[in-house]
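Q: Chain by chain, the residues run as shown.
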Amino acid sequence: MRLKGVAASPGVGLGRILLYREPDLNFDKVVFSGVENEKKRLNAAVAKFKEEIALLAAAAEKRSGASQAAILTGQVAMISDPYMISRAEELIAKGQVAEAAAAEVAQGFEDMFNALEDEKTRQRATDIGDLKKRLLGILLGVKRLEWSEIADDAVLVALDLPASVISSLPMDKVLAFATEQGGLTSHGAIMARSLGVPAVTGLIGLMGQELKDGQPIVVDGSSGEIILDPSPEESRDYVSRRQAWREDQASLKIYLKKVAVDKDGTRRLLGSNIGGLADARQAQEFGSDGVGLFRTEFLFLDRATLPTEEEQTRIYAEVASLFPESEVIIRTLDVGGDKQPVAFDMAKEENPYLGLRGIRYYQVRPDILKTQLRALSRGAAQYGNIKIMLPLVISLEEVTFVKALFKEVVAELASEGLPHAEEMPLGIMVETPAAALIIDLLATVSDFFSVGTNDLTQYTLIADRGNPQVNHLCDPFHPALLRSLKGVIGEARKAQTPIGLCGEIGGDPRMLPLLMGFGLSKFSVNPASLARVRRDMSSWSLAEATDLAEEILTLPTVESVKARLKKALDQRGKTS
Amino acid sequence: MVSAKLTALNETGVHMRPAQVLVTKLAPLNAEVTLKHLGKDINAKSIMMVMAAGIKKGHEVEVICQGADEVAALALLEEFFKGVMDDA
Chain A
1 MRLKGVAASP
11 GVGLGRILLY
21 REPDLNFDKV
31 VFSGVENEKK
41 RLNAAVAKFK
51 EEIALLAAAA
61 EKRSGASQAA
71 ILTGQVAMIS
81 DPYMISRAEE
91 LIAKGQVAEA
101 AAAEVAQGFE
111 DMFNALEDEK
121 TRQRATDIGD
131 LKKRLLGILL
141 GVKRLEWSEI
151 ADDAVLVALD
161 LPASVISSLP
171 MDKVLAFATE
181 QGGLTSHGAI
191 MARSLGVPAV
201 TGLIGLMGQE
211 LKDGQPIVVD
221 GSSGEIILDP
231 SPEESRDYVS
241 RRQAWREDQA
251 SLKIYLKKVA
261 VDKDGTRRLL
271 GSNIGGLADA
281 RQAQEFGSDG
291 VGLFRTEFLF
301 LDRATLPTEE
311 EQTRIYAEVA
321 SLFPESEVII
331 RTLDVGGDKQ
341 PVAFDMAKEE
351 NPYLGLRGIR
361 YYQVRPDILK
371 TQLRALSRGA
381 AQYGNIKIML
391 PLVISLEEVT
401 FVKALFKEVV
411 AELASEGLPH
421 AEEMPLGIMV
431 ETPAAALIID
441 LLATVSDFFS
451 VGTNDLTQYT
461 LIADRGNPQV
471 NHLCDPFHPA
481 LLRSLKGVIG
491 EARKAQTPIG
501 LCGEIGGDPR
511 MLPLLMGFGL
521 SKFSVNPASL
531 ARVRRDMSSW
541 SLAEATDLAE
551 EILTLPTVES
561 VKARLKKALD
571 QRGKTS
Chain B
577 MVSAKLTALN
587 ETGVHMRPAQ
597 VLVTKLAPLN
607 AEVTLKHLGK
617 DINAKSIMMV
627 MAAGIKKGHE
637 VEVICQGADE
647 VAALALLEEF
657 FKGVMDDA
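As given, the protein sequences belong to chains A and B, one line each in that order. Under the working numbering, the first residue of the first sequence is numbered 1, with each subsequent residue one higher. Under the working numbering, the first residue of the second sequence is numbered 577, with each subsequent residue one higher.
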């Protein structure tokens, strides 16, 4: 039985299911045992909590360094808060059981932190939630999953995996994750990538399946697929795929610290696509050439209020500070389509992908863009490597509109006496057929371009990539797309406007030589793909890539294009 | 009772780590320490309250210490808001 989800962390894992279920922390049946005794229970639980965390922190430090351990020791500092304990004791004195008192006090703090404006402090709410669960578990004597009892071939299957669970995982034991909830940028997915553990998230209906501990499972974090009870043939196939993946991982290690060059030794730029600070730090660790795409809408999702100017300024500056030698391209808010943040209260549309999306939304809410532009200008005053990029452009007028707003913003900042950048490089994302066709005209108002292949593909082929009935048509190897890419890259170069490509497909081993052959020298991929793309890039000379690209352009169908590319890669695999 | 109006010079504001240092140093003292900030009274011995107070660089905070070692407590807060304990 196969299920398809989100390919959250690449690699292949095959083993046996270890079900992770949130423990039952209901305390309705606990009977009050007297004020003194309940206080004693509470204090004993707190002491046990500290002991447990100390052990976990020591193990986490050994495994993955000090930062993981710091998250845990922070929880000790919080639970040692005398104010918190005395509040709980007051509730006990009023006749509440220790569980109810602990839960109420912790919940109060969780709510308080959730309401804070400052993002970094607000994240502490998650820690308090974890703290509450652990403390309740101790009080109720609920058995936790003890990692020492885990079999060596465990594949963790869960509704969702909170950070506290992942950070306490014995990574040498867990082969892979599969979760029903979460996406590409959920906390668990980011951690899985940084730990190098294959993971598939967003498996709708997973927990509704009949699952039991020890059941055989395959997790393919590269394709986003899982197989429950694989057949003997499937198992054999995936055993060899896992073997190949592990050998591949080992051979990639040397590319983690290298810079991106092709076979001729020509330096090429390989940046990262990020959604926030966590990704940015990972990109820096893997030696990324800056940021090719910062999707700022992730700062706006999953929250009830808009991020403030201060908060945005701090985040943009912090990301920029990580890459002093490289450009950091920050794309302004791209909402609409499938992204409808709660804080925006967007009107329902018949065809959201053809509606008020990307740059069009600024006409309706210029205030939101202005706040963002203010933050960008203030961030750029501290770090000169920040560049602005506009989403879903179809015309010059849209760019001029934003430029006028930027001028207003600069004048405001000047009159308020706030440090800001007077001028900033402003580029556009080439992701509509319209932009691709008038790229020479757009070059007159744009400092740089970046091709967004996901949208360019779905708009060129008029196939919604989220619609399972037609998403197989959304294939970037369609000759129409290849011609479009060649044209766009060629026109931009003719206009002497720098052009890059920030679609994930740019790092695909089949697409990479084509783009190199079309004349592209700037790419941007997920941080976890950097090493692999560097390796693939180093295997192509410009002449080889150009020859292949020219040949591919003569082919009439997706099928023939892919078949030819497969042959080309297979042949190289044999000779290298 | 002793009190003073202090300006927070802590580079990144009073986040987890500085708050942790502050409450650890205050814990052995018996004085009660209250921070008045943005219209709220904050118990400076509570790491939760201190973190949630959202004290940032440049903010002015009124510090009130009451108890036998109140002078020592105030001196500690003066040091703290200079930011010298941030990396401890």
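By construction, these hints were calculated from the structure, which means they are not laboratory data. A hint or two may mislead.
[To be verified] Under the rule of at most 25 angstroms between Cα atoms (straight-line distance), these lysine-lysine pairs were calculated in the DSS-like manner:
#: 1; chain 1: B; residue 1: 612; chain 2: A; residue 2: 370
#: 2; chain 1: A; residue 1: 120; chain 2: B; residue 2: 633
#: 3; chain 1: A; residue 1: 120; chain 2: B; residue 2: 658
#: 4; chain 1: B; residue 1: 658; chain 2: A; residue 2: 40
#: 5; chain 1: B; residue 1: 601; chain 2: A; residue 2: 48
#: 6; chain 1: A; residue 1: 133; chain 2: A; residue 2: 120
#: 7; chain 1: A; residue 1: 4; chain 2: A; residue 2: 339
#: 8; chain 1: A; residue 1: 50; chain 2: B; residue 2: 601
Q: If a hint holds in the structure, say so; if it doesn't, say that too.
A: Against the structure, the hints:
no. : hint             : in the structure
1   : B:612 with A:370 : violated (34 angstroms)
2   : A:120 with B:633 : holds (15 angstroms)
3   : A:120 with B:658 : holds (21 angstroms)
4   : B:658 with A:40  : violated (40 angstroms)
5   : B:601 with A:48  : holds (24 angstroms)
6   : A:133 with A:120 : holds (21 angstroms)
7   : A:4 with A:339   : holds (21 angstroms)
8   : A:50 with B:601  : holds (19 angstroms)
Consistency note: the structure conflicts with the earlier hints numbered 1, 4.
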